[in-house]
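*Asks:* Please work from the sequences and hints to get the whole structure.
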Amino acid sequence: MNKKTAISASSDIILSLKVLAREKEIVRRKLAVTAEKLAVTAKKLAATAREKESVRRKLAATAREKEIVRRKLAITAAQLAATARKLAATAEEKEDVRRKLVVTAAKLATTAEKLAVTAREKEIVRRKLAVTAAKLATTAEKLAVTAAKLAATAAKLAVTAEEKESVRRKLAVTAEEKEVVRRKLVVTAAQLAAVAEEKEGVRRKLVVTAAKLATTAEEKEVVRRKLAAAAEEKESVRRKLVVVAEKLKKSYETLEHKVLQRTKDLEMSRAKEEAILLSIGDGLLVTDEKGNIIIINKRAEELLGVESKDVLGKVFSNAMFLVDEKGKPIPPEKHPARVALMGSATTASGHVYYDMRKDKTKFPMAIMATPVILDGKVIGTIKIFRDITDEREIDKAKTEFVSLASHQLRTPLSAVNWYAEMLLAGDAGEMNEKQKKYLNEVYRSNQRMVELVNALLDVSSLELGTFMIEPKSTDICKLAKDVIGEQKAEITAKKLSFSFLCKKRKVCMLVDPKHLRMVMQNILSNAVKYTPEGGKIIFSISPADKKNILLKVSDTGYGIPKHQQDKIFTKLFRADNVRDKDTNGTGLGLYIVKSIVENSGGKVWFKSSGEEGNKGTVFYVTLPLEGIKKSAKNK
Amino acid sequence: MIKKTAPKGKTILVIEDERPLLEAINTKLEKNGFSVLSARSVEQAFGAKLIKNDLGIMTVHSVEQALMYLETLEQVNAIWLDHHLLGKEDGLYFVKKIKANGGRWKSIPIFVVSNAASPTTIKSYIKSGVSKYYVKSDHRLDEIIADITLFLDHPGKIKKVVSVA
Numbered sequence: 006m007n008k009k010t011a012i013s014a015s016s017d018i019i020l021s022l023k024v025l026a027r028e029k030e031i032v033r034r035k036l037a038v039t040a041e042k043l044a045v046t047a048k049k050l051a052a053t054a055r056e057k058e059s060v061r062r063k064l065a066a067t068a069r070e071k072e073i074v075r076r077k078l079a080i081t082a083a084q085l086a087a088t089a090r091k092l093a094a095t096a097e098e099k100e101d102v103r104r105k106l107v108v109t110a111a112k113l114a115t116t117a118e119k120l121a122v123t124a125r126e127k128e129i130v131r132r133k134l135a136v137t138a139a140k141l142a143t144t145a146e147k148l149a150v151t152a153a154k155l156a157a158t159a160a161k162l163a164v165t166a167e168e169k170e171s172v173r174r175k176l177a178v179t180a181e182e183k184e185v186v187r188r189k190l191v192v193t194a195a196q197l198a199a200v201a202e203e204k205e206g207v208r209r210k211l212v213v214t215a216a217k218l219a220t221t222a223e224e225k226e227v228v229r230r231k232l233a234a235a236a237e238e239k240e241s242v243r244r245k246l247v248v249v250a251e252k253l254k255k256s257y258e259t260l261e262h263k264v265l266q267r268t269k270d271l272e273m274s275r276a277k278e279e280a281i282l283l284s285i286g287d288g289l290l291v292t293d294e295k296g297n298i299i300i301i302n303k304r305a306e307e308l309l310g311v312e313s314k315d316v317l318g319k320v321f322s323n324a325m326f327l328v329d330e331k332g333k334p335i336p337p338e339k340h341p342a343r344v345a346l347m348g349s350a351t352t353a354s355g356h357v358y359y360d361m362r363k364d365k366t367k368f369p370m371a372i373m374a375t376p377v378i379l380d381g382k383v384i385g386t387i388k389i390f391r392d393i394t395d396e397r398e399i400d401k402a403k404t405e406f407v408s409l410a411s412h413q414l415r416t417p418l419s420a421v422n423w424y425a426e427m428l429l430a431g432d433a434g435e436m437n438e439k440q441k442k443y444l445n446e447v448y449r450s451n452q453r454m455v456e457l458v459n460a461l462l463d464v465s466s467l468e469l470g471t472f473m474i475e476p477k478s479t480d481i482c483k484l485a486k487d488v489i490g491e492q493k494a495e496i497t498a499k500k501l502s503f504s505f506l507c508k509k510r511k512v513c514m515l516v517d518p519k520h521l522r523m524v525m526q527n528i529l530s531n532a533v534k535y536t537p538e539g540g541k542i543i544f545s546i547s548p549a550d551k552k553n554i555l556l557k558v559s560d561t562g563y564g565i566p567k568h569q570q571d572k573i574f575t576k577l578f579r580a581d582n583v584r585d586k587d588t589n590g591t592g593l594g595l596y597i598v599k600s601i602v603e604n605s606g607g608k609v610w611f612k613s614s615g616e617e618g619n620k621g622t623v624f625y626v627t628l629p630l631e632g633i634k635k636s637a638k639n640k
Numbered sequence: 004m005i006k007k008t009a010p011k012g013k014t015i016l017v018i019e020d021e022r023p024l025l026e027a028i029n030t031k032l033e034k035n036g037f038s039v040l041s042a043r044s045v046e047q048a049f050g051a052k053l054i055k056n057d058l059g060i061m062t063v064h065s066v067e068q069a070l071m072y073l074e075t076l077e078q079v080n081a082i083w084l085d086h087h088l089l090g091k092e093d094g095l096y097f098v099k100k101i102k103a104n105g106g107r108w109k110s111i112p113i114f115v116v117s118n119a120a121s122p123t124t125i126k127s128y129i130k131s132g133v134s135k136y137y138v139k140s141d142h143r144l145d146e147i148i149a150d151i152t153l154f155l156d157h158p159g160k161i162k163k164v165v166s167v168a
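As you go down the protein sequences, you meet chains W and E in turn.
Residue numbers for the first sequence follow the numbering used here, beginning at 6 and rising by one.
Residue numbers for the second sequence follow the numbering used here, beginning at 4 and rising by one.
If you are wondering where the hints come from, they were derived from the structure by calculation, not from laboratory data.
Treat the hints with care, since some could be wrong.
Said to hold, decoys possible - Computed footprint of chain W on chain E, listed as stretches where at least three residues anywhere in the stretch have a Cβ under 8 angstroms from a Cβ of chain W:
1) 17 to 27
2) 30 to 39
3) 130 to 141
Glycine residues also receive a C-beta, built at the ideal position from the N, C-alpha and C atoms.
*Replies:* Set out below in structure tokens:
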């Protein structure tokens, strides 16, 4: 039993040991595993530690940066504190200024009150002034009345001034003459005085000699007395001369005084004349000899649209820019002022010019330019001009009326014409000789009326610019022959010797045949009409120069009186010598001729002895060979 | 002076507003052997008063209609025409209508005898194809009638010379 129990006990122990070993093995293994895990953990911890170290380093860096920022902030804070201190100081100063302003405002308020008081006082003064002004206005009216009276007086004075001026001129001339005489007399007096002195010397010597000789010779005494007498006479002459010289001096002084007075008067009247010039109702422009403006009046400023300050002293073309009806500038050499400056007489006022203002508007003007001549030299020009728009319109209306009336007149004229024609032709039965004669008079008078109406219509259409120019190539020699043919009966009846000269058989030109026919008709019929029986007429066509053809009609007729030659182309004008001889004429023919020829670019003129004795007249017409420009003008 | 050869049943239509002138023209034309139709306005010229036959009074409203009637009614050899006429239409209007409507009427010679026309109007007449233009107060009746007679005897022989105011 023991042994068995021992053995069983030992086996139990062994078994327990074995179990223990196993458990130890398990534990060891677990420990191994744990050790491994610990190793891993240790590694992780190491890694973590490294990370923490880097984080710590970063934190340290951040801390340093923060320190820098903190220091900067500290600096900024110090600066802000300084600024705050300064602002505080400024605020105090501003407060000071504000207080001062308040004081100033108070002062200003006081001043304003004072000003208000002053203003009230001024208002009172103003009212008083208004009353005074009213009184002054009344006074002014009275003055105006007085001024009107004075103006009347001034006009009278102007007349007186002119008279005085002529007196002054005469006085000036007389004064000059007197001055010359006076000077001569002074010289003569001086000479005489010298002579007298010399003679006085001689006399004294003679007295001495005489005293010496007195005792010796009576004859010498006689001589001495004679000499003394002569000396006395001379002395009295000398004294008279002295008196004359004195008188001359006085009269010279009086003259001087008078001249001074006259000069004053003249200056006064000159001022007046200038005022008169500037107040003239027409435009007035005065230039010096170079054409520079020296006077321009108010009306001229208005008309030309300029101001005197802009044009005074400048060439007149600055103020006056002349153009023709179509707006084409007038060439300088044809400018009336230029013509006047050239010294020729006053330019005709008949021609119409237009002034183109700066704003491109224009107006028609009548202008008269006159040279100012002093001592035979041109020292300037005077231009007087006015706006003739209204006159031109009235003229046009008149012309239109003539045109209308003439057309209307033609109808009754036609009726008279035709009925007279029928009666004369016996359409209403045969008439006796007396009836025929009377009716012929009616018919002829009516024909004259028709001619007059036709001429009036031509004139009005020329003046209205409705005269159509229709140039065609025309043989002017043939045209002339046609016109001569129409006059043949009259030429034969008056037994006139007539010749027609045209070197070439044919002269073709570009002209309006209707118009050229009228020109030829008028000139030729005048020659026929105004040449007495048995006279001679020559009609010739020849080249005038390279560019123009010349038509020439000469007669041995009554001629044109010298004193009326400048009027011969005027509308409705008839010369005295033909009016006496022939009542049949309109006075329109030559006016029409001139209008047509000049519209065609040609010229017409004449030569006539004009004196009594029937020496005749020659009419000349030139026309451009290149032809006539077509006019587009139309009704 | 006048070669009275033309008439032998020739008819002239005279359109003239002034009664005394119309009478003178008619008388003179009839003296020269023409038959005369007369009118004082364009409307009349185209209208019923022209009719001499027994057709009674007819009124016409259009130029075309008038022309149609005239064509059938009357033989007109020439027309004597004034510019100013009674009514709205003038001679130029008449000429233009006649020429525009053609037919036999287109070839009837027209002689304008007037006082009032301006150069422009005269040109228009010539352009419209009238045979001749006379300024009334510048010509005798027998002159114009001689021209017409000559024209009717020898159509085309007369020159288209215009006598202008």
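*Asks:* State for each hint whether it applies.
*Replies:* These are the hints, each one checked on the structure:
1. Counting residues of the stretch 17 to 27 of chain E whose CB lies closer than 8 angstroms to any CB of chain W gives 4, which reaches the minimum of 3, so the coverage claim holds.
2. Residues of the stretch 30 to 39 of chain E with a Cβ under 8 angstroms from some Cβ of chain W number 3, which satisfies the need for three, so the listed coverage holds.
3. Coverage of the stretch 130 to 141 of chain E by chain W holds [criterion: at least 3 residues with CB-CB distance below 8 angstroms; count 4].
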